[in-house]
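Trainee: Here are the chains, one letter per residue:
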Amino acid sequence: MKKQTTPIQDSTSQELRKANEMRGLWYYQLVQSAAAYGLDKETFARGAIRKLGNLYRNNYPDTDSVPEFMGSFLTDHNLKQFRMELVDLTDEEAVVHFHYCPMFGAWCQLTEDQDEIYLICDCAMDVDRGVFDLYEHIGFRLEKAIACGDEVCELHFIKK
Amino acid sequence: MIKNSPQKYIDEYNVDSVRGAYENAARWYYYLAKEGLASGLPIEFAYDAMRKSGDFYYEKFYQDVESVDGFINRYFDFGIEKVHEGTIKESDADHAELELGYCPFVDAWQKLTDDEELIKKLCAGCLEMKRSMVKKLGFAVEQSEAISSGDDKCVFTFKKQAE
Chain H
1 MKKQTTPIQD STSQELRKAN EMRGLWYYQL VQSAAAYGLD KETFARGAIR KLGNLYRNNY
61 PDTDSVPEFM GSFLTDHNLK QFRMELVDLT DEEAVVHFHY CPMFGAWCQL TEDQDEIYLI
121 CDCAMDVDRG VFDLYEHIGF RLEKAIACGD EVCELHFIKK
Chain Y
161 MIKNSPQKYI DEYNVDSVRG AYENAARWYY YLAKEGLASG LPIEFAYDAM RKSGDFYYEK
221 FYQDVESVDG FINRYFDFGI EKVHEGTIKE SDADHAELEL GYCPFVDAWQ KLTDDEELIK
281 KLCAGCLEMK RSMVKKLGFA VEQSEAISSG DDKCVFTFKK QAE
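These protein sequence lines are chains H and Y, in that order. The working numbering numbers the first residue of the first sequence as 1 and each following residue consecutively. The working numbering numbers the first residue of the second sequence as 161 and each following residue consecutively.
Bound conformation, chain H alone (with noise of 0.2 angstroms):
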């Protein structure tokens, strides 16, 4: 698998990247951990991050416009330490790459199973999932990832 690199390395979002890879830390060993006790790993994490995407609904506006969002969704923040960048934006989809993760960062020094890997970012994007479950008319796709190789994670915003 492809080691993933930033150049941004200003002391702010190093500070932010160590708290990111920390949450993909948590997120992980949690996720084993519920397994071990015997729960199926997928189920369990997509129920619970299913339900925090659909709390970070909150954080972003009460539109049907895909551009309105999208001015919600491209902060300072994210933009940095995703390495983000919008490729495409119309008034029916807007396209977005991330040239980088921090909890992929934190989940390649945790295993090396390049399936496990695949399968615990997909369970992380149902966070994303979980904010359009209560958007009626914005949908989301995740088209490729950093996780399974690709050079980005290419996010799709839909009008519906």
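Note that these hints are calculated values from the structure, not bench results. Be aware that a few hints might be false.
Some chain H residues judged to face chain Y by a derived CB distance under 8 angstroms, without partners named [what the hints assert, rightly or not]:
#1 Q9
#2 T12
#3 L16
#4 K18
#5 N20
#6 Y27
#7 Q29
#8 K51
#9 M70
#10 G71
#11 F73
#12 N78
#13 L79
#14 Y135
A quick note: this is a predicted structure, and the numbers were derived from the prediction, not measured. Yeah, the Cβ is synthetic: ideal placement off N, Cα and C, and Gly gets one too.
Following the hints, put chain Y in place on chain H, whose structure we already have.
Mentor: For chain Y alone, kept in the frame of chain H given last:
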């Protein structure tokens, strides 16, 4: 009753930003712990996860530490000093006392639940992480005061164990 609000570094952009990220980590921990508990697991499942997290941090940051003050000086990073309003009250080769004046994790949990007993349990997981972090160094850590228990601060004492 829990009393927990930042007293220092308020409105400092870099501290506020990182506090937000710590709160976010705490939200993930909360939702995963709640899912496990709702599925019938004991809280111990979360503590096992936090111990493994502490093992990871030991492996990554602290393997070559030789003294308690060596450990605490390395542990006392931006997150501890600024985000948690930490102060090293005393330290020497065998002993250290650390105070934290604010907890972003407790702050996050208070926004999610009124159940202070649950908050105490989640907080105890973080102590388990610290215990794992120092165990292989031959140190122990105890917490004599906890914001999650209604105290004004968290107080941790790190001690070198007798061989």
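Trainee: Indicate, hint by hint, whether the structure satisfies it.
Mentor: A quick look at each hint next to the structure:
{"no.": "1", "hint": "Q9", "verdict": "violated, 14 angstroms"}
{"no.": "2", "hint": "T12", "verdict": "holds, 4 angstroms"}
{"no.": "3", "hint": "L16", "verdict": "holds, 5 angstroms"}
{"no.": "4", "hint": "K18", "verdict": "holds, 7 angstroms"}
{"no.": "5", "hint": "N20", "verdict": "holds, 6 angstroms"}
{"no.": "6", "hint": "Y27", "verdict": "holds, 5 angstroms"}
{"no.": "7", "hint": "Q29", "verdict": "holds, 4 angstroms"}
{"no.": "8", "hint": "K51", "verdict": "holds, 6 angstroms"}
{"no.": "9", "hint": "M70", "verdict": "violated, 20 angstroms"}
{"no.": "10", "hint": "G71", "verdict": "violated, 19 angstroms"}
{"no.": "11", "hint": "F73", "verdict": "violated, 15 angstroms"}
{"no.": "12", "hint": "N78", "verdict": "violated, 11 angstroms"}
{"no.": "13", "hint": "L79", "verdict": "violated, 13 angstroms"}
{"no.": "14", "hint": "Y135", "verdict": "violated, 20 angstroms"}
Hints 1, 9, 10, 11, 12, 13 and 14 from the earlier list are contradicted by this structure; the remaining hints agree with it.
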